[in-house]
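Based on the provided sequences and hints, a complete structural model is requested.
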Amino acid sequence: MRLSAVKGTFDILPDDQPRWRHLLDTTARVLGRAGVDEITTPIFEHREVFEKSVGESADLVVQKEMYTFQDRGGRWLTLRPEFTAGVLRAFIEHGMHTWPSPVKLWSAGPAFRAENVQRGRFRQFHQVNCELLGGDSALLDAEAIALLVDTLSAAGLPGVHVKVGSVGDPEDRERYNGYLREALAPFERELSDTSRERLRLNPMRILDSKDAGDQALVAELLRPLDMLGNAARGHFDEVLAALERWGITYEVESAIVRGLDYYRRTAFEVHHAGIGAQSALGGGGRYDGLIAKLGGPDVPGVGWAFGIERVLDALSGEGVGPVERRRPLAYLVALDAEAVGELAALARRLRAEHRVEHSYTPRNPGKGLRDADRSGARLAVLRGSRERAAGVVMLKDLRTGDQQSLDLSELPDALRRSAGASQDDSARLAATRDH
RNA sequence: GUGGAUGUAGCUCAGUCGGUUAGAGCACCGGAUUGUGGUUCCGGGGGUCGAGGGUUCAAAUCCCUUCAUCCACCCCA
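Numbering (my numbering), first residue to last: 121 to 555.
Hints were generated in silico from the structure; no laboratory data involved.
Ideal Cβ placement from N, Cα and C applies to all residues, glycine included.
Among the clues, some could well be false.
Straight line, CA to CA, 27 Å or less: simulated DSS-like cross-link-like pairs of lysine-lysine [said to hold, decoys possible]:
| # | residue 1 | residue 2 |
| --- | --- | --- |
| 1 | 413 | 487 |
| 2 | 184 | 413 |
| 3 | 184 | 330 |
| 4 | 330 | 283 |
| 5 | 487 | 172 |
Computed Cβ-Cβ distance ranges for the label pairs, DEER-style [to be verified]:
| # | residue 1 | residue 2 | range |
| --- | --- | --- | --- |
| 6 | 157 | 273 | 20 to 30 Å |
| 7 | 166 | 220 | 26 to 36 Å |
| 8 | 398 | 278 | 19 to 29 Å |
| 9 | 166 | 371 | 30 to 40 Å |
| 10 | 278 | 230 | 20 to 30 Å |
| 11 | 149 | 230 | 19 to 29 Å |
| 12 | 125 | 366 | 52 to 62 Å |
| 13 | 125 | 527 | 47 to 57 Å |
The structure is reproduced here in structure tokens:
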């Protein structure tokens with residue numbers, strides 16, 4: 121059987137890399153300016169890290185989608201299905217609650233879920249994650265949303281659709297779930313199977329049901345937003361006020377529901393049309409109490425993640441085209457065996473400044489220039505017996521066809537001059553792709 | 001877990017009322033051009049027709065099974 125990538129995984133080939141690089145560079149720049157520092161945590165953790173964070177009502181659904189395995193020492197480990205739990209584990213382990221507050225951290229990398237594959241859903245996928253830890257100010261909720269919007273905007277998606285809601289404080293949720301149970305109890309037999317299950321475990325999620333019958337039953341009921349306590353209501357209003365003040369357009373979602381029950385108060389999502397059925401680019405919310413639940417100090421936090429593949433998908437749809445791959449400045453063509461060694465040594469020196477490639481076997485000029493042309497190099501440098509006798513190289517501009525014989529000592533300067541010119545090219549290229 | 005569509009060369013795809021040796025474009029290699037690339041022209045290599053089984057004188061083509069990919073449902077941290 122021919123080997124292939126595992127279902128739900130894929131290779132990011134050299135031609136794809138510039139787009140990824142661009143998105144990650146943009147992320148680092150935007151978040152860095154906001155005082156968010158990068159943190160890298162392991163891609164697997166003790167299973168408890170994720171099991172504790174996930175919560176009881178969700179674990180039935182969610183745990184079976186986690187890649188959990190036993191290593192040779194008998195440890196139970198889980199490939200991270202998301203970033204938050206691992207980052208919080210690091211926060212606790214390194215005593216970050218003593219750092220100047222708030223502690224702002226971002227990460228990027230792969231995550232793993234054993235899901236069925238479709239557009240925008242993979243088993244190994246990649247996320248950018250951001251956490252703002254140690255403050256309960258509504259300003260931090262708003263900042264989190266702003267950072268998500270600003271990052272996507274800077275990457276080339278200025279018009280994402282922001283949905284903001286609040287799931288309230290724990291007591292609000294309890295009250296609301298009680299209300300739902302009471303209101304829906306008479307209709308229990310009319311609910312869909314999953315919703316009947318949810319009625320016991322987490323009634324709020326019934327609001328999420330796509331079943332038409334379920335939707336009809338809940339249509340007339342109050343939404344979570346309608347039953348927020350004073351504290352959560354005030355907090356939510358402050359978040360919205362900040363967003364308005366900053367000119368961030370949003371839509372209030374009266375029944376925003378998230379699959380995990382660690383969310384408190386603010387929850388939000390960003391959506392984009394045209395990336396298939398999975399329209400969510402990312403989302404997040406506030407999770408006060410989660411750090412304590414994981415065994416740390418009772419420090420509040422708010423965070424989000426977006427899916428890199430989905431954002432790139434959206435960017436393609438926006439006509440933000442593939443970014444051109446890096447090309448060498450010069451390709452050194454060895455015309456005889458001795459030149460191969462000479463040029464390899466020369467290339468090594470030139471590489472201190474430029475991207476330079478060279479032939480590894482003797483080539484005739486025709487083949488050598490074709491090699492140079494295919495590499496995408498702007499310049500070809502030829503060296504053979506004639507050049508050696510004169511102590512020179514032949515420098516050829518592959519676009520104009522101009523060529524000149526050049527003393528070896530003059531080559532570095534000549535390359536520097538051309539490098540200046542081709543940087544202008546790449547600047548133009550960058551300008552067109554950043555529209 | 002469920003449903004639909006699709007699997008033919010490295011890539012994109014033609015080819016199925018069953019019938020010679022399975023084709024094209026692009027890509028790759030060589031030559032025209034043994035010290036000058038791109039364009040052009042000529043030639044060449046490359047295929048378990050996803051896999052297994054069945055029907056048939058004969059299967060890429062028909063039947064069954066299976067796997068994979070894509071899309072969607074379910075679910076979604």
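Can you name, in rising order, the numbers of the hints this structure does not satisfy?
Hints 1, 5 and 12 are the ones this structure does not satisfy, whereas the remaining hints hold.
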